[in-house]
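Protein chains in written order, with the numbering used here: chain A, 1 to 596; chain B, 597 to 859; chain C, 860 to 990.
Some clues are possibly wrong.
[Stated by the list, open to error] Heads up, incomplete: computed chain B residues facing chain A, CB under 10 Å, no partners named:
{"#": "1", "residue": "Q623"}
{"#": "2", "residue": "P642"}
{"#": "3", "residue": "W668"}
{"#": "4", "residue": "C690"}
{"#": "5", "residue": "F693"}
{"#": "6", "residue": "L697"}
{"#": "7", "residue": "G700"}
{"#": "8", "residue": "A720"}
{"#": "9", "residue": "T746"}
{"#": "10", "residue": "Q749"}
{"#": "11", "residue": "R793"}
[Claimed, not checked] Far from chain B by the CB rule (all over 10 Å, computed), these chain C residues:
{"#": "12", "residue": "F879"}
{"#": "13", "residue": "W902"}
{"#": "14", "residue": "V905"}
{"#": "15", "residue": "R913"}
{"#": "16", "residue": "D915"}
{"#": "17", "residue": "A919"}
{"#": "18", "residue": "H930"}
{"#": "19", "residue": "L932"}
{"#": "20", "residue": "F945"}
{"#": "21", "residue": "P954"}
{"#": "22", "residue": "L982"}
Keep in mind the hints are simulated off the structure, nothing from the lab.
Glycine included, C-beta positions come from ideal geometry on N, C-alpha and C.
Here's the letter readout for the chains.
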Amino acid sequence: MEVFQADIAIVGGGGAALRAAIAAAEANPRLAIALVSKVYPMRSHTVAAEGGSAAVTLEEDSLENHFHDTVAGGDWLCDQDAVEYFVEHCLEEMVQLEHWGCPWSRRPDGRVNVRAFGGMKIERTWFAADMTGFHMLHTLFQTSMKYPSIRRFDEHFVCDLFVDEGRVQGVLAIEVATGEFRLIRSHAVVIATGGAGRVFRQNTNGGIVTGDGMALAYRHGVPLRDMEFVQYHPTCMPGPGLLFTEACRGEGGILVNKDGYRYLQDYGLGPPDPWPRKKAMELGPRDRLSQAFWHEQRKGRTIPTIHGDAVHLDLRHLGRAKLTERLPQICELAERFLGIDPAEAPIPVRPAVHYTMGGIPTDVGAATPIPGLFAAGECASSGIHGANRLGSNSLAELCVFGKVAGEQAARFAAGAGEAGNGVALRWQAQDAREEALRLLERPSGGERLAQIRDGMAKAMEQGCGIYRLAGELEGTCRTLAELKGRWVALGLQDRSRAWNTEWLTAIELGFQLDVAEAMAHSALARRESRGAHQRLDPGCLERDDARFLKHTLAWRVHAGAPRIGWSDVVITRSPPGTRAYGAAGEAAEAAEATGK
Amino acid sequence: MPDTSTHGAASGASPAPGAAPERIEIQVLRYAPGGGAPATQSWTIPWTRDMSVLQALQYIKDHLDGSLTFRWSCRMAICGSCGMMVNGVPRLGCETFLRDLAPGPVRLEALAHFPIERDLVVDAEDFIGKLAKIKPYIVPKEPRGLDEGTYFQTPEELARYESFSHCINCMLCYAACPQYGLDPKFLGPGATALLHRYNCDSRDGAREERMDLVHSEEGVWSCTAVGYCSEVCPKAVDPASAVNQNKTASALDWFARFLPGRK
Amino acid sequence: MAIRRTYLRPMDGWWRRDPFFLRYMAREATSVFVVAYALILLWGLVRLAEGEARFDAWLAWLASPLSVAFHVLLLAVFAYHTWSWFAIMPKTMPPVVVGGRRLPARAITAAGVAVAVAASAALFALATVLA
């Protein structure tokens with residue numbers, strides 16, 4: 001097996017991974033950095049993010065505002081020290097991206113423009129038309145080519161992580177084109193592999209978002225934190241689940257039910273006018289909007305489509321000029337996929353899984369519980385999103401914590417001393433290799449991979465939906481356990497080595513089943529409703545700070561259900577309060593202002 | 597732009613309830629590494645009005661033949677993974693719809709002018725290498741510290757390069773370019789468009805360094821203005837414009853050499 | 860790194876694979892006809908230098924049915940040549956901004972074709988007047 005020696009191995013090729021690579025290269029140009037991604041970096045799912053990236057910019061805004069919006073948006077499950085660090089560093093990262101060439105949309109005077117976004121008090125979302133993630137990713141990818149110390153392993157699928165002598169030792173990657181294994185030894189590893197939305201049926205995610213890094217860490221004893229918090233983005237295409245950015249609403253778009261009624265006013269987000277208005281109606285937080293849809297559906301006020309019920313996202317009043325300037329990709333998506341011109345007709349939308357708030361727990365230095373292992377981006381639970389993420393905080397997170405991860409990994413690698421036991425590592429690598437190849441040896445002709453995958457996706461949709469019930473969650477947990485048994489017996493039709501995507505998809509499915517189990521069991525354990533985790537069981541309908549102002553931790557148990565534990569939430573400046581939006585929010589803010 | 601007429605897809609009209617789903621034949625040029633010359637294999641699958649070519653391929657892989665190999669990810673024409681030849685035309689599989697190809701058969705093949713790795717997957721390394729060659733990053737005209745904030749760039753200055761920044765690296769333009777097919781040393785439409793994007797960015801000062809590539813035999817002078825690249829580009833980047841504008845730029849640079857004061 | 864056994868498809872007959880390429884080859888082929896016409900004119904110039912009798916003979920050949928047929932073909936080819944030239948011309952120019960809006964390629968092509976037609980008409984009128 002080929003062995004490559006690096007100082008830092010970064011798993012992933014998206015925004016956080018590239019930002020970490022650049023940060024490490026700048027922090028210490030003498031370190032050898034391996035960027036190992038299962039797809040070419042510009043295919044990473046960062047590319048699909050649309051709306052924008054938050055940073056306190058305007059005179060009338062403040063770090064305190066961004067901090068409060070984020071903590072309230074997260075229903076007080078955020079680690080406030082991480083949020084403090086985050087809001088302090090967003091602006092410098094956005095400026096850094098601009099210096100690197102990111103084509104931020106501008107005001108006439110040449111300054112960067114900012115727009116309103118869900119749950120945010122003041123406009124602070126930097127945007128590049130409605131393709132912000134695309135532009136950020138391409139800027140980072142192209143900029144990364146400046147650094148000779150970054151060696152890319154494109155289309156290399158990481159199938160295992162190595163931990164020995166209490167620290168990380170490297171990763172094992174499959175070269176997709178040949179099916180050959182490569183051992184990449186390193187002193188530090190940064191996991192930046194993205195979220196796990198593909199475990200659900202309807203989702204905005206690309207095929208690659210399968211929780212690989214989360215599962216790798218999980219299998220090596222790292223607990224996964226807050227996995228029950230899965231964000232349903234309220235405005236997605238029925239069927240494929242493709243995303244219609246929150247920016248549609250930021251620019252003034254409205255949501256109406258089958259009667260043309262702006263139903264959000266019935267769910268504590270009103271009054272409907274004046275519009276647009278921050279933190280009210282369609283600019284409320286995503287979890288509340290998705291929950292409102294669920295209620296409307298129950299009341300029979302949604303619009304049936306061939307892919308399930310939907311509501312209408314109406315952008316007509318924005319006018320063609322504004323749509324072309326601010327939301328061109330949305331218009332393209334609506335026209336090409338649905339045959340709808342948003343200037344003429346409303347777009348059918350419904351919630352779909354979009355973002356994984358939970359993941360590998362990290363501290364403010366992006367460090368995980370394993371020395372030398374760092375994590376950044378959606379795969380990490382950095383603590384800033386809590387129970388619900390605000391739109392445009394994720395793209396900013398990639399840069400802020402991507403940089404931290406890169407710098408900290410560089411520091412760790414430079415001070416790491418002797419490399420670990422090479423012989424032991426090679427044995428581990430051989431074991432991992434055989435484990436991966438076992439999939440190719442099992443007889444085919446039985447169940448197909450897609451059946452297990454679809455079973456998982458349906459079970460997750462059923463049990464871990466917008467609203468959850470104990471009985472359904474338990475059913476999902478049982479189904480997942482059964483599916484894991486079926487996965488172990490899975491045989492593939494394609495038994496070759498070169499470019500065998502069925503093989504890699506099967507390995508991904510194994511990762512997904514682990515992550516899905518963590519999600520379902522964590523959801524069962526949290527007997528309250530908070531943020532994106534809402535339960536209909538009696539006694540669980542409200543937020544219960546007394547018992548559940550804690551993070552869940554899911555530890556993998558070999559051949560058994562995950563063990564759920566708890567950890568404290570870091571509260572510094574903001575004791576748990578009420579999440580109030582719309583008129584209630586304005587009243588609360590006014591009361592607070594006079595009370596000061 | 598390729599015709600993407602949607603024939604009223606919004607209504608989502610499917611065959612009448614109770615009726616058997618319509619079926620369509622999908623033909624794929626298949627190749628396995630070291631497995632002899634490529635050969636066509638075909639499947640007939642059920643389809644609905646909103647299904648894309650990508651979804652057809654996924655159906656085949658999920659239910660009929662797990663060895664069918666193709667790249668894909670975002671499903672919304674922004675990641676650039678799923679480029680392929682659809683009935684001889686370079687298209688993105690995720691935004692090419694069966695309803696526009698019905699009754700079929702639909703002929704699928706790996707992107708033209710690239711070596712086939714397996715089935716619909718091509719060797720993209722040459723293109724990736726070219727991306728790195730063109731210095732695809734800002735070399736600031738005026739240095740600026742982070743604490744000094746962003747550069748000023750008016751909407752007009754942004755407009756000068758913005759469309760060239762929309763390239764999703766899907767390589768359809770290379771599949772459309774016969775000059776690239778005849779000589780892969782040609783820098784090609786996509787890489788030149790990205791080069792032009794940086795040259796036109798008001799913040800960048802590395803135009804001269806990039807022009808060496810432009811002037812060369814493998815630079816813009818291999819282009820004979822076929823123009824098919826811009827036709828097939830799914831993001832209206834107009835690479836033909838980038839390449840041919842640089843022919844003028846290259847010629848002017850050449851004549852400028854004779855002016856006093858230039859090297 | 861293991862050797863990858865890729866397959867390179869041949870380029871033979873590439874221009875027959877797509878109507879777009881056929882039109883491109885037709886466009887390129889028109890330049891042959893442009894050269895042919897230039898040679899005819901050059902031939903006429905030579906005959907002119909050789910005196911009135913030789914020049915009149917050349918003019919008579921021009922009026923022959925074979926020549927007329929060839930010139931009709933040339934006219935059609937030149938029309939396609941001119942149109943396809945202006946069709947690709949916008950690609951060679953930086954964006955033309957008029958009154959804050961970018962001029963679409965169609966407008967540039969139309970303007971070019973209009974100028975060509977006007978120039979041809981003017982030349983034709985001039986030739987008729989002088990004849």
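Evaluation of the provided hints:
1. For Q623(B), the shortest C-beta to C-beta distance to chain A is roughly 20 Å, which exceeds 10 Å, and the interface hint is violated.
2. Interface hint status for P642(B): violated, as the beta-carbon distance to the closest one in chain A is roughly 14 Å, over 10 Å.
3. At its closest, the beta carbon of W668(B) sits 6 Å from a beta carbon of chain A; the interface hint therefore holds under the 10 Å criterion.
4. Satisfaction of the interface hint for C690(B) is found here, the shortest Cβ-Cβ separation to chain A being roughly 9 Å, below the 10 Å cut-off.
5. The interface hint given for F693(B) holds, since its Cβ lies 8 Å from the closest Cβ of chain A, which is under the 10 Å cut-off.
6. For L697(B), the interface hint is violated, since its Cβ never comes within 10 Å of a Cβ in chain A; the closest pair sits about 15 Å apart.
7. For G700(B), the interface hint is violated, since its Cβ never comes within 10 Å of a Cβ in chain A; the closest pair sits about 20 Å apart.
8. The restraint placing A720(B) at the interface with chain A holds, with a minimum CB-CB distance near 7 Å, inside the 10 Å limit.
9. Annotation: interface hint on T746(B) holds; nearest CB of chain A at approximately 4 Å, less than 10 Å.
10. Given hint, Q749(B) at the interface with chain A, holds; its Cβ is 6 Å from that chain's nearest Cβ, closer than 10 Å.
11. At about 9 Å, the closest approach between the beta carbon of R793(B) and any beta carbon in chain A falls short of 10 Å, and the interface hint on this residue holds.
12. Distance check on F879(C): its Cβ comes as close as 5 Å (rounded) to a Cβ of chain B, failing to clear the 10 Å threshold; non-interface status is violated.
13. The Cβ of W902(C) lies farther than 10 Å from every Cβ of chain B, with a closest approach of about 29 Å, so its non-interface assignment holds.
14. With a cut of 10 Å on Cβ distances, V905(C) stays outside the contact zone with chain B, its closest approach being about 33 Å.
15. Every Cβ of chain B is farther than 10 Å from the Cβ of R913(C); the closest lies at roughly 40 Å, confirming the non-interface assignment.
16. Non-interface status of D915(C) relative to chain B is upheld: no Cβ of that chain comes within 10 Å, the nearest being about 42 Å off.
17. With a least beta-carbon separation of about 40 Å from chain B, A919(C) lies farther than 10 Å from that chain, consistent with its non-interface assignment.
18. Every Cβ of chain B is farther than 10 Å from the Cβ of H930(C); the closest lies at roughly 28 Å, confirming the non-interface assignment.
19. Against chain B, the non-interface label of L932(C) holds: every CB pair exceeds 10 Å, the least being about 24 Å.
20. With a cut of 10 Å on Cβ distances, F945(C) stays outside the contact zone with chain B, its closest approach being about 12 Å.
21. Chain B draws P954(C) into its interface by the beta-carbon criterion, the shortest separation being 7 Å against a cut-off of 10 Å.
22. No beta-carbon of chain B comes within 10 Å of the beta-carbon of L982(C); the shortest separation is about 27 Å.
The structure fails to meet hints 1, 2, 6, 7, 12, 21 from the earlier list, while all remaining hints are met.
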